[in-house]
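Hints are included, so try docking the two chains, each in its own frame, into the full complex.
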Amino acid sequence: MHTLDFFTKKRLSFGLFVVVLLGLTYVTIIFTEYNVAKGFTSIPKAIRWATTNFYPDAASLKKLPSILLKLRDTVMMSVASATIASACAFFVAIFGAQTTRINVWFSVFARGIATIFRNIDVSAWALILLFSFGQSSFTGYFALFFVTFGFMVRVLIETIDEVSTDSVEALRATGASYFAIIAQSVVPSCLPQLVSWVLFMIETNIRSATLVGILTGTGIGYSFDIYYKSLNYHAASLVIIVIVISVLAIEAVSNWIRRAVL
Amino acid sequence: MQANTTIIVRPWNAATVILRTTIMSLIIITGYAFTTFNTRDVDFWAGVDMLGSNFSALLLTPYLKNITFDVMIRNLFITIGLGFLTTIFGAAIALGLALLAAQNLAPRWLTVIIKGLTAFVRAVPTVLWVLIFAVSAGLGSVAAVLGMTFHSAGYLIKAYAESFEEIDNGTIEALKASGANWWQIVFQAVLPSSATALLSWTFLRFEINFSTAIAMGAAAGAGGIGYDMFMASGFYLNLHEMGAFTYAVLAFAVVLEAGATRYKASLRK
Numbered sequence: 143m144h145t146l147d148f149f150t151k152k153r154l155s156f157g158l159f160v161v162v163l164l165g166l167t168y169v170t171i172i173f174t175e176y177n178v179a180k181g182f183t184s185i186p187k188a189i190r191w192a193t194t195n196f197y198p199d200a201a202s203l204k205k206l207p208s209i210l211l212k213l214r215d216t217v218m219m220s221v222a223s224a225t226i227a228s229a230c231a232f233f234v235a236i237f238g239a240q241t242t243r244i245n246v247w248f249s250v251f252a253r254g255i256a257t258i259f260r261n262i263d264v265s266a267w268a269l270i271l272l273f274s275f276g277q278s279s280f281t282g283y284f285a286l287f288f289v290t291f292g293f294m295v296r297v298l299i300e301t302i303d304e305v306s307t308d309s310v311e312a313l314r315a316t317g318a319s320y321f322a323i324i325a326q327s328v329v330p331s332c333l334p335q336l337v338s339w340v341l342f343m344i345e346t347n348i349r350s351a352t353l354v355g356i357l358t359g360t361g362i363g364y365s366f367d368i369y370y371k372s373l374n375y376h377a378a379s380l381v382i383i384v385i386v387i388s389v390l391a392i393e394a395v396s397n398w399i400r401r402a403v404l
Numbered sequence: 021m022q023a024n025t026t027i028i029v030r031p032w033n034a035a036t037v038i039l040r041t042t043i044m045s046l047i048i049i050t051g052y053a054f055t056t057f058n059t060r061d062v063d064f065w066a067g068v069d070m071l072g073s074n075f076s077a078l079l080l081t082p083y084l085k086n087i088t089f090d091v092m093i094r095n096l097f098i099t100i101g102l103g104f105l106t107t108i109f110g111a112a113i114a115l116g117l118a119l120l121a122a123q124n125l126a127p128r129w130l131t132v133i134i135k136g137l138t139a140f141v142r143a144v145p146t147v148l149w150v151l152i153f154a155v156s157a158g159l160g161s162v163a164a165v166l167g168m169t170f171h172s173a174g175y176l177i178k179a180y181a182e183s184f185e186e187i188d189n190g191t192i193e194a195l196k197a198s199g200a201n202w203w204q205i206v207f208q209a210v211l212p213s214s215a216t217a218l219l220s221w222t223f224l225r226f227e228i229n230f231s232t233a234i235a236m237g238a239a240a241g242a243g244g245i246g247y248d249m250f251m252a253s254g255f256y257l258n259l260h261e262m263g264a265f266t267y268a269v270l271a272f273a274v275v276l277e278a279g280a281t282r283y284k285a286s287l288r289k
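Going down the list, the protein sequences come from chains A and B.
Mapping of the first sequence onto my numbering: position 101 corresponds to residue 243, and the numbering continues sequentially without gaps.
Mapping of the second sequence onto my numbering: position 267 corresponds to residue 287, and the numbering continues sequentially without gaps.
Same shape as in the complex, but just chain B (with noise of 0.2 Å):
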């Protein structure tokens, strides 16, 4: 009798094999993915042995040529600034309309559109939204401000719906016993509620949009340091002039995370 009995330790329930199958997958599409890579003639060998020399001239000899000190870091703040603008404006926007896509606040049908409608608007990546807008606004800060806007817009509408969501619904059905309209649950209970969860979505989407705005400056003529590092990879060829911009980006960047980091701590306590 005791012969007979084993202890499956992990048995196999769907979790399990969809886990693995997943895991299976990716291996084997990575694999396949190597023979896809267009090569165009670049010997990979050759890169990869340049990568040493090249890390050490950005990073341990950078220095400035075509433009000065206090130009870099004034099209740094012009990028930081880009950021900043499309955060708060995405934010108007997502949090009148998030009021509208949350479930516990409007009807359904409305919830339904709104979200299908952000799910299409944040599919599209930023820097096409930018040059969608740059064809009638000309390439420049107002494309990016514009596109990156539609962006943000489309990411806070869904985070913010959510953490509407989340707020306990006693609250709202109380308020509405006792008589308070829709405009005096938003403002009294959903608001004030919610309004730490707001505050880190929008501080963390202000980070990616940081970074988004170094991009359309490299790709879609938003000025700022990003432009200045495109024109030093693509025009110039200076890897010593991009170590200094990489070490610009990267202070602001390194500063702006610790300070989520510190802001979520002082949440939990």
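Excised from the complex, chain A in its bound form (with noise of 0.2 Å):
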């Protein structure tokens, strides 16, 4: 019997997956109804508009201090979105973890509500929440907290299984009382990493918070959908400048608190 050998084989396989995949990619083209064409005649376009109406201008300058004033309000939210509902997520986290789970059905509970949570996207939990508390920021705020909560509930757990699973049984070995296994051995040891996570919750949310400004009206979102409507460019380029600085800020200080922390 002739067999291919392993080079051949391995060059077939690759070949099906690109021919596979460039099938799957037409198929989606047709389907969406996406212009190619449109789409590569667009990119110049769009260069060439920017160049010439999307910059900041000597009166988008004077709306300077009204756009940082919303940018503070979404960066507000997003940290205390971010903060709460990674001490909640926290709480849970610990009762749903092997090492400290205190029941086996409150874990698959805490987990299947997690993943409900986290699995309907930031902006339609925006749109769904409009229903209760309308275009306030309390509708924004709620909507980070539940997809923050969702995310941090399963990373949270999977790192106390990780991190704290051999003192958690040497503390048990000793005798000691739930409360104190979780006080002296959980806590101590998953805080670094729960700091950095609220870290990279805080960066998403804010970028997810300028699109949930958008739907309900609040923050930086707002400031860009009404400059942009209203057709000032020049305006509405300021506020990308200015998120893009404060999203860059973040970031920088995040890292280096994590480098310092872990």
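Please note that the accuracy of each hint is not assured.
Claimed, not checked - Calculated lysine-lysine pairs in the BS3-like style (CA-CA distance at most 25 Å, straight line):
hint	chain 1	residue 1	chain 2	residue 2
1	A	Lys152	B	Lys196
2	B	Lys178	B	Lys85
3	A	Lys187	A	Lys371
4	B	Lys178	B	Lys135
5	A	Lys152	A	Lys371
6	B	Lys284	A	Lys152
The hints are simulated quantities; they were obtained by calculation from the structure and are not laboratory data.
The following block contains the structure:
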């Protein structure tokens, strides 16, 4: 029997992978009615438009104080939702992690709730919560809170099982009580990871908060939306510059903290 | 002598100081944050009160009213398609540029330029990229695909370049010593040994792009199920219909996540 040698086999399977991918891409382009030619011609058009219209001018700089005020709202909302959701998630994760759970069913329940919370997109949460809280900061706050909570329960359960299994066993052997084990072993060993994840969620939430702001009429997303819709592109570009600077600054600070703590 | 020796259980070092300062600052900022909330005279407790009945309307009594089930599934697949398309386009661009952004494959000045540019691209939220492209391309699938591709490429260039940088330097040096040129090094060593890492980053980005595609339907007129959700929430004010869309989106997202978890577990074996 003739068998293909290793390299031919590998090349064939790679070729098949590429063909399937290209086929799927073609079908998707037809299905979503994406206009490939228009896509390509739009890029130079967008660049030409951006270089002639999309930069801050003197008049837009006068709007800087009000833009910065909106930025503060957005950053505050991101930090508050990430911090409180993570604190709640830490409690749930302690009761849900294999190492420290009090009850198997609670663990299953906690994981299930977290799966639902994180898999509904933040924009969908915002649209759902608009029914309860209208166009206020609460809508955005809870949308970010739910998604952060769902994500943090998952990663903190993994962190607790990874980091503190050995020390929990050691303390249990000495006869320490449940709360002593949590306070002396689980919390201290997980704290650096927890802080690192909170910082990650703050970064994510600032980006999401811009989107949520457009949907709920709050914060920096709302500023952008107003200037954009009133065709004041100079002010809109200033909003983008402010967002970029704050995102990069927060990333730099959290990277610095992460390096020092982990 | 015995009395004077104390064991310092938790020494104060830079790491603990920074950790505690960070936690304290987060708590203080959070406390301050609630004073900055724009309440627009919305009654918070009335909202919380309504949350329960709204959730039960959403999750327990979902039904469709303004569109049929077939249209909903079709729109869900349009959203999935937008996510898939932008992931493929982003990955194709990223594969080329990441080779020029990896420190072990490209000159230092070039890696610095590309990494700086991608950091900028990533710092602008996806929805703003889509709206920027919408000015010249009009609101719709073209602007959505371009904007999302842009952000995906920025994200994947960083992820791919880091995967390339992680591969064993010895392999590259051995190939260099045997006289292999840059292309041979890339195709025979770099790409094969980082293939699984590239695949899992790409899959992760597909998960992100699926949820972004929902958001772009809601906030940037990209169509799909996100637009249906936007209409149910802002125009028809129909929570039951919103519930049906939520279940549709949730079902696909959970399947994706389960697939990713399985794939990761199979890599670990």
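Against the structure, the hints:
At most 25 Å may separate the alpha-carbon atoms for a hinted pair to count; lysine 152 (chain A) and lysine 196 (chain B) meet this at roughly 24 Å. Pair hint lysine 178 (chain B) plus lysine 85 (chain B) does not hold up; C-alpha atoms about 44 Å apart against a cutoff of 25 Å. Annotation: proposed proximity of lysine 187 (chain A) to lysine 371 (chain A) holds, straight-line Cα distance about 20 Å (limit 25 Å). For the suggested pair lysine 178 (chain B) and lysine 135 (chain B), the alpha carbons sit about 7 Å apart, so the restraint of at most 25 Å is met.
Proximity of lysine 152 (chain A) to lysine 371 (chain A) is assessed by CA-CA distance (about 53 Å); at most 25 Å being required, the pair is judged violated. Taking the CA atoms of lysine 284 (chain B) and lysine 152 (chain A), the gap is near 22 Å; set against the 25 Å cutoff, the hint holds.
The structure fails to meet hints 2, 5 from the earlier list, while all remaining hints are met.
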